[in-house]
Amino acid sequence: MNIGLEIHSLAQRLWPICRSITGPGVRETLSILQEYLPDLTVHEVPTGTQCFDWTIPREWIIREAWITGPDGECIVDFHKNNLHVMGYSIPVDQVMTLEELQENLYSLPEQPDAIPYITSYYRERWGFCLTHRQRQALKPGNYRVKIDSELRQGSLSYGEVLLPGESEKEVFLSTYICHPSMANNELSGPCVSTFLARWLKEQPRRRYSYRIVFVPETIGSICYVSRHLETLRRNVIAGFVVTCVGDDRAYSFLPSRYGDTLSDRSARHVLSHLSPTYGQYSFSERGSDERQYCMPGVDLPMATIMRSKYGCYPEYHTSLDDLTLVTPTGLAGGFEALQRAIEIIEKNRTPRITVLCEPQLGKRGLYPTLGTRDAARQVQVISDLLAYADGTRSLLEISDYIKAPFWEIETLCSTLEQHELIRSSYDVPDNRKTTTC
Amino acid sequence: MNIGLEIHSLAQRLWPICRSITGPGVRETLSILQEYLPDLTVHEVPTGTQCFDWTIPREWIIREAWITGPDGECIVDFHKNNLHVMGYSIPVDQVMTLEELQENLYSLPEQPDAIPYITSYYRERWGFCLTHRQRQALKPGNYRVKIDSELRQGSLSYGEVLLPGESEKEVFLSTYICHPSMANNELSGPCVSTFLARWLKEQPRRRYSYRIVFVPETIGSICYVSRHLETLRRNVIAGFVVTCVGDDRAYSFLPSRYGDTLSDRSARHVLSHLSPTYGQYSFSERGSDERQYCMPGVDLPMATIMRSKYGCYPEYHTSLDDLTLVTPTGLAGGFEALQRAIEIIEKNRTPRITVLCEPQLGKRGLYPTLGTRDAARQVQVISDLLAYADGTRSLLEISDYIKAPFWEIETLCSTLEQHELIRSSYDVPDNRKTTTC
Amino acid sequence: MNIGLEIHSLAQRLWPICRSITGPGVRETLSILQEYLPDLTVHEVPTGTQCFDWTIPREWIIREAWITGPDGECIVDFHKNNLHVMGYSIPVDQVMTLEELQENLYSLPEQPDAIPYITSYYRERWGFCLTHRQRQALKPGNYRVKIDSELRQGSLSYGEVLLPGESEKEVFLSTYICHPSMANNELSGPCVSTFLARWLKEQPRRRYSYRIVFVPETIGSICYVSRHLETLRRNVIAGFVVTCVGDDRAYSFLPSRYGDTLSDRSARHVLSHLSPTYGQYSFSERGSDERQYCMPGVDLPMATIMRSKYGCYPEYHTSLDDLTLVTPTGLAGGFEALQRAIEIIEKNRTPRITVLCEPQLGKRGLYPTLGTRDAARQVQVISDLLAYADGTRSLLEISDYIKAPFWEIETLCSTLEQHELIRSSYDVPDNRKTTTC
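Protein chains in written order, with my numbering: chain A, 1 to 437; chain B, 1 to 437; chain C, 1 to 437.
Incorrect hints may appear among the rest.
[As the list claims (entries may be wrong)] One-sided and incomplete, this derived list gives chain A residues near chain C with beta-carbon spacing under 7 Å:
| no. | residue |
| --- | --- |
| 1 | I353 |
| 2 | L356 |
| 3 | C357 |
| 4 | D384 |
[As the list claims (entries may be wrong)] Calculated Cβ distances over 12 Å to all of chain B for the following chain A residues:
| no. | residue |
| --- | --- |
| 5 | P16 |
| 6 | P296 |
| 7 | S425 |
Hint data in this document are derived by calculation from the structure and do not stem from the laboratory. Keep in mind that this is a model prediction, so the values were computed, not measured. Idealized CB from N, CA, C, for every residue including glycine.
Working from the sequences, and respecting the hints, build out all of it.
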């Protein structure tokens, strides 16, 4: 089955669940992911736990939320679209005039058919979200608002997959599971991550270990870092925040703090070959969990490969960010970009030529017999690879230098290794390359 | 009172004085500046004193200089405009034909209404300057030329203000006082410097010491360096030549020898925010006392912030460079640019965040309550400052990196220091950063 | 006599000789060059000698090669144009139909009047080259083909000139002598090299030693490196492959592996002043003996200054690359560019000013007395040279920095040295600058 369709089908299944930063929706989501990833372990962190400067909040349970109008008709119902209720709304059961109600309604005048996504995690209030068109049609009169929610001592839930490799050095993938029914931001993230984890699990050998986490955004990643800081700092040599990898309109890149890590270089290399006009954002335009991972003292080499970037497409954080916007093609493209970036990290090595001057390719059958343009290009690329195989540069650096895709160079390198014209060395990359400009 | 008007009023007072590289005009100028700067000390260096490759010349005294025409009418009179006599003219009292006179007249055919500014410090001759229009109207006949001047053993005069700070490391300002009645080049320089010195004197604390000198150009700065070389080399961590800071048409920048000192970086930062299209000149286009300060073995980190640069505006070195060209607005702008550059040097420090991951701004009231665009920008800037507060970069480097003005970042940094989210360290900058490219 | 005409006249003399990678044509060529260069020694390397990954091939002797047509008429004759026979053709003497003959004919449909240049050094076959126009006119019928050639145990020949200098450190020039009658690629190379060697020989003093070699391309340079590897690695501080230096349409540059050696910097400097729009190629576009010299473990600092680059002009590797395409002017220009690049290497040094602050140029007569624009520029350049004469940068670096030609700066430097305002030091450049990017 086509990978894009498989990922899309998982997204459809997770779509109706009402996720937030805590609560049953997160657990239900993780439980479905466990069907795909038996290695996924779920962890609970109790309300009130201190995580650096933050405290795990109370758990939010939402059972129902609706408004009925002056004639008793149902205006909005959380069960029809979970964006209708503001995330972390406190309970309410009250009759009020339209005027009073308006203060707790949220809509988007510029996108009159979109329901906005609104939350209030750290200030107690309640609210309803609806389309501006519907809001403008509300008649004067008395409305009954009812939110049957609860904020109680509970826990924050997150999932974690650890795949051991030959080295304890790790590649770290982090995605988030705290948004209700929205597709590019965010269902594409956990769904693509799930299939990346399955692909990694199937590999006959892994040079590096892999850590894939499914956390609520911000509080979840802060919590995760606070519990694993030393291990992460010691072992993570590259990593990616997986978010907004589902539509098929664009590729985008957001670098780590100084943009110079192995993750950054791999990602830029992949995107420059998959889509040379990919969107290049600066670290100042960040907005997801790299905000935590790339902070001083944490210093993880986390870059972000995206399709359309959060905040930069019109459907962002509205009901229009749905599973028609996110397509199997878009998901497959997001998956491929991350897969290629990971393959670069796995296969990168430093080649060294074993002969002096150019080797005679012809006597080894390495000289293409057909005189086509493609053959000429291949001879050129082999020749360049041999010339730069001086033991000072990795395949990734050579690929960038000669402007050829890593996957082409790496395949040629393997061939030349088989002919004993190249010997390569594998060095563990330096994960502290986050403080140079 | 508006600072621009105050500076302009000082310039008006100094305007009529006939300054040269030595002589009574320099002393009168310094004496007026002492009214504004009681700390200003005046130094005299005797004729014949050796200063590196140069010798202090004889002192020039000019009492009168005029030409009368065939009908006895007054053609030019030094007392009407001190540009009429060539600087350092030797005495003359002679009757000659127009033809003979022409050899000692100077005018500008392309600017027929401007009197040029001409000097002959190191070759003995005499001359008169006048407008080309007037020159062309001269009738044949006999002219009497009279210059009552004197070149005698005397001294070169300069002024110096030393303002001690917490550190003996110094910021050095140098301006020149050797030009007769011209406004942008040069009265703007000593006038703005005077008000910078007053402002620095009023500061409740100064991290660095300040040295502000008023010298005749070239011979004066060479002389000053020759008397203070070791102190300047040891202590000066930044500095500016103050010249051409009076008109309101442009901002310009001339870097130090390699353009990489703290002075250069501060100046570029200020100008890029005050006037992003400011004129960027190369060190090869220098022409004032940075010619001496930036020479090998002297190696002072001196940059030059200007309004319209010397040599690059049509009125330069003519009678048209007057106090209508130099305006209160222009002077205030020159003052502000230098003031901001000095403030950067004073307030620059290296911040380090005190918590891991992002701090929770909301619980400290640091999250703006109004959801405006400005508020969103401020959150972004706070967030960037915290992310780059990794102890490896100064506020100036961070400001440049995230493209925000230093003064905005520095204010936010102070707030975050008050909330103990940032601790900063102050390092003395390296004043030997003048030999890297 | 004009240098361009002299070089062109040597090219005319060498034109008719049938050169290949081995054989009598190479020896005849070297023997003529010995008339010009009595220091030229000729070396023979026997067939079968192992040179790194390669083996010296059998020697190729070609006596005659022709085709006669159905009516007995001569179709092509090697004695009319030595491009008619494929290089290293094995003997043949056979009658065959036009259809059979076609498989061994080579022509260029897109250049119907050009005879292509084809070789088959490492696979045994035979072939004829002719214009496409002639080929299309061939009538059906029987053709007799006759190639009287021989592949036998023999040797590969190359020539070498060694000119000792004050230092054993060397500048290395390499050119090739394996192409039959073609002018830009290749006769221009050995002819210009011959005159460079004569010019170097005539110099009253040489700071460096010079090694000029005339080798067959690829196998010859590999062979040469294999016999002199340690000496070359130890002594060569700069060098140039001399090829395609004969037409007058363009200047081109091909860098060494990382483009950062003294050769690269000298060449770029010369070309940027001779022809600012010169063609800048990348090392990936290489195609001559720098392919061997710049390989890892050999690491010679070899750059290539060309007129129209091989592979990049329409006449390349055809009979149209002749002595009308290559002109005396073109050859003189190629000679001049290489000569200037060598002069930079010879004369480069690190100047240091001997006084503090600016010296007084006037009292030494160094201040131009004429107030022309040229004079003003010269004062500026002297002033810049003095300012950057800080003992940290060579004349070449200073020339690049202030964007003035080396030859202008070097002349001024000599004058300032005579006036004892500058003292310079000569350092031997680092020849291992080939592994930094």
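Each hint tested on the structure:
| no. | hint | result |
| --- | --- | --- |
| 1 | I353 | holds, 5 Å |
| 2 | L356 | holds, 5 Å |
| 3 | C357 | holds, 4 Å |
| 4 | D384 | holds, 5 Å |
| 5 | P16 | holds, 30 Å |
| 6 | P296 | violated, 4 Å |
| 7 | S425 | holds, 30 Å |
Going down the numbered hints, you'll see the structure goes against just number 6.
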